[in-house]
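J.: Now for the letters of each chain:
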Amino acid sequence: MSDSLVARVSWPHGPFIGRETSRREYSFQKTAAQLSLLEHLQGTNQVAAPNQARSASVPNTKGPDVKPRLLLMGLRRQVLFGQLSHSRHANCVTGAGNPPLPVWCSTKCPQMRLSSLSLRLGFRRIPSICSSFMDFQVWDFPGQLEYFESAFDLEDIFGSLGALVWVIDAQDDYLDSVARLNRTILTVQQFYPGINIEVFIHKVDGLSDEYRTDTFQDIVQRISDELSDAGYENAPVHYYLTSIYDYSVFEAFSKVIQKLIPNLSTLENLINTLANNCGFEKTYLFDVLSKIYIASDTRPVDMACYEMCSDYIDVIVDISELYSWDHPVRKRLGDQIPEAESHVVLHDQTMIHLMEMNKYLCLVSVIRNPEAKDKRGLIDMNCRTFQDALNEVFSRSWEERTAQGAASESK
Amino acid sequence: MDARKKKRKVLLMGKSGSGKSSMRSIIFSNYVAKDVRRLGATIDVEHSHVKFMGNLTLNLWDCGGQDAFMETYLASQRGNIFSDVAVLIYVFDIESREVDRDLDTYHSIIEALREFSPNAYVFCLVHKMDLIQAEHRTRIYEERSAVIRSRSSDFRVDTFASSIWDQSLYKAWAGIVHKLIPNLVVIERFLTAFAKKINAEEVILFERSTFLTVTSVTSEVGELNPIYDRHERLSNIMKAFKHCAARNTLTTPASAGFVVMHTKTPQFNIFLGRFTDNTYIFLVVPPGEASYNCAVLNTMLAREGFSKAAAGGAGGDGFPLPPSESVDDHAGANGNGV
Chain A
1 MSDSLVARVS WPHGPFIGRE TSRREYSFQK TAAQLSLLEH LQGTNQVAAP
51 NQARSASVPN TKGPDVKPRL LLMGLRRQVL FGQLSHSRHA NCVTGAGNPP
101 LPVWCSTKCP QMRLSSLSLR LGFRRIPSIC SSFMDFQVWD FPGQLEYFES
151 AFDLEDIFGS LGALVWVIDA QDDYLDSVAR LNRTILTVQQ FYPGINIEVF
201 IHKVDGLSDE YRTDTFQDIV QRISDELSDA GYENAPVHYY LTSIYDYSVF
251 EAFSKVIQKL IPNLSTLENL INTLANNCGF EKTYLFDVLS KIYIASDTRP
301 VDMACYEMCS DYIDVIVDIS ELYSWDHPVR KRLGDQIPEA ESHVVLHDQT
351 MIHLMEMNKY LCLVSVIRNP EAKDKRGLID MNCRTFQDAL NEVFSRSWEE
401 RTAQGAASES K
Chain B
1 MDARKKKRKV LLMGKSGSGK SSMRSIIFSN YVAKDVRRLG ATIDVEHSHV
51 KFMGNLTLNL WDCGGQDAFM ETYLASQRGN IFSDVAVLIY VFDIESREVD
101 RDLDTYHSII EALREFSPNA YVFCLVHKMD LIQAEHRTRI YEERSAVIRS
151 RSSDFRVDTF ASSIWDQSLY KAWAGIVHKL IPNLVVIERF LTAFAKKINA
201 EEVILFERST FLTVTSVTSE VGELNPIYDR HERLSNIMKA FKHCAARNTL
251 TTPASAGFVV MHTKTPQFNI FLGRFTDNTY IFLVVPPGEA SYNCAVLNTM
301 LAREGFSKAA AGGAGGDGFP LPPSESVDDH AGANGNGV
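Taken in order, these protein sequences are the chains called A and B.
Note that this note's numbering numbers the first sequence so that position 343 is 343, with each residue one more than the last.
Note that this note's numbering numbers the second sequence so that position 64 is 64, with each residue one more than the last.
Wrong hints could be hidden among the right ones.
Unchecked claim - Part of the chain A face toward chain B, derived, beta carbon under 7 Å:
#, residue
1, Asp246
2, Glu251
3, His327
4, His343
The set of hints was computed from the structure by calculation and includes no laboratory data.
For each residue, glycine too, the CB sits at the ideal point set by N, CA and C.
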């Protein structure tokens with residue numbers, strides 16, 4: 001991973017050279033762009049190499065850019081991403097496990113910065129899959145950058161994009177941001193109509209409820225009006241109200257990422273079946289590291305359940321940190337299932353049940369049925385069945401991909 | 001004698017603004033660290049009775065720290081305040097600019113204490129350590145505690161570095177309550193025998209509402225655990241989750257709690273459950289499904305034994321415990337029975 005990180009970070013300077021020179025002489029600009037392209041290609045080669053090393057038996061036809069890309073954009077530096085990637089650390093540091101969390105990455109970026117910190121929602125367990133199942137690149141863009149200048153290779157930026165996340169500061173004057181967003185949408189959708197556009201109306205914690213709704217509606221109205229004026233009806237734009245002082249950012253990001261997961265409906269069906277049969281109130285399939293959920297049952301969103309599940313993961317991870325030390329003297333007393341399993345019963349008989357699915361994912365459910373305590377064996381068994389099904393879903397989708405890869409290679 | 005044992009007077013003193021009431025609110029009143037900014041200054045003395053471990057009541061005297069109050073404590077109120085003190089907790093603000101003056105005040109308080117309750121325990125908390133850069137913390141803390149000791153007359157003083165923003169607060173207070181609990185020896189003897197029987201790496205007893213470590217027993221293997229501050233961190237983790245549970249089940253943190261928690265991982269198994277009315281027991285056992293279940297069953301059995309003894313009145317004060325011999329018998333019986 002670190003290799004590809006280096007490679008990724010190195011190439012965006014290319015466009016920068018191009019940008020500065022383009023102002024002076026147009027003829028040179030082309031070469032610069034070509035240069036940057038060349039550099040980019042070199043970059044991809046560098047990235048491809050470790051991939052191949054890792055999966056010698058698997059034909060690497062995907063290239064590194066098949067990774068879905070999340071583009072974070074907005075007028076000024078937002079703190080979203082820092083919060084997302086550091087949230088676990090933040091909890092450790094403050095210890096309280098409560099938002100508001102400390103804020104990282106709050107400085108303005110004078111330069112284009114590519115953080116290819118990937119949110120790995122992945123799957124490395126199955127031996128033949130060496131690259132993770134879903135490895136997102138998150139690209140964080142400074143808002144002031146004019147990426148539609150000809151110096152910027154649109155294909156580079158938007159080519160393998162999964163979603164464009166546009167962050168609007170709701171506490172600020174957002175007209176400029178909205179105008180820019182519209183421009184971006186119109187440009188992007190000409191070339192890449194498949195991109196999801198997600199608008200985060202951010203920092204809403206400072207607004208009163210009423211004003212918040214007004215702001216939300218105003219922004220939605222402005223964007224959809226302008227888009228339909230430009231002849232672009234029913235644009236795939238989705239809006240979320242977010243704040244770092246609660247879990248809404250995680251919720252919104254979860255929704256964004258879920259749209260990029262190819263098997264979402266299968267997963268949801270599986271979880272629904274499980275939840276209905278076991279009487280779960282709400283079930284989430286979490287990515288442990290980022291605490292984003294990649295699927296959940298289709299019952300209405302319940303922030304309270306999400307908070308409890310997400311905090312319970314924290315508890316388990318923190319406790320594991322304290323007692324997972326390695327020492328030859330530590331002996332096991334008998335056989336046990338290799339995946340972690342945990343549950344807690346709260347004062348009002350609510351049960352939170354957590355089961356590790358694989359290295360990255362865990363299934364967390366809230367059960368309010370008081371009988372559940374006595375039927376834990378049954379619940380555990382059902383969750384194991386779900387785990388098998390989940391493994392099958394992911395392995396199937398991998399097989400398909402290799403089949404496609406083999407087909408395209410034979411051509 | 002008996003009455004004094006059950007109601008122990010705890011004095012909480014220190015310069016104004018050093019964080020006495022904040023600490024008290026977090027530990028005993030379920031405040032979250034960020035909520036303490038709502039607290040105002042303490043006027044004169046705030047008395048609060050903190051129920052701890054059942055019938056042990058801490059009679060907590062939170063003494064406002066303004067100079068005017070301090071003078072009255074030392075002059076007109078001297079006998080009232082400093083008599084019958086079981087514990088003095090003196091809080092030093094690490095950021096204070098008048099270290100010498102603070103120490104002078106501290107010294108005169110120690111003198112008053114020596115006059116009226118020479119047998120009291122003295123704890124000094126060097127507070128707000130989070131404001132010091134991490135790399136200097138140990139050095140500054142050690143310097144400061146050496147100075148404090150030199151001004152403490154013949155009292156044996158325990159010093160702790162603390163901050164409300166991390167687990168060090170729990171460490172300090174666990175050390176304090178540990179000193180206050182009667183028949184702790186009996187409890188510890190029981191736990192040691194019990195831990196051995198169920199092959200536990202570690203058994204920790206937590207107080208129910210504060211989640212402070214009452215006592216703990218660690219096996220030889222468990223002793224090798226490289227994380228030394230794990231007890232405080234556990235207090236912190238569990239208390240944070242209790243707050244979360246309270247928020248999301250629409251109750252107050254005081255009434256929220258856990259009935260039981262099981263965790264099985266490939267490296268360890270953990271059981272957390274109610275032990276007596278006022279304590280949680282926390283078991284860490286090596287992995288192994290069958291032995292884990294045995295350990296849990298044994299804990300339940302031991303708990304029943306405890307509650308029977310409490311109902312029979314055999315336990316006496318503080319902690320409902322059968323006499324020490326029968327405790328060992330009891331644990332032995334459990335081990336053989338399963």
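J.: Indicate, hint by hint, whether the structure satisfies it.
T.: Status of the hints after comparison with the structure:
1. Asp246: violated, 11 Å
2. Glu251: Violated, because the Cβ-Cβ distance from A/Glu251 to chain B comes to roughly 14 Å (cut-off 7 Å).
3. His327: holds, 5 Å
4. His343: holds, 6 Å
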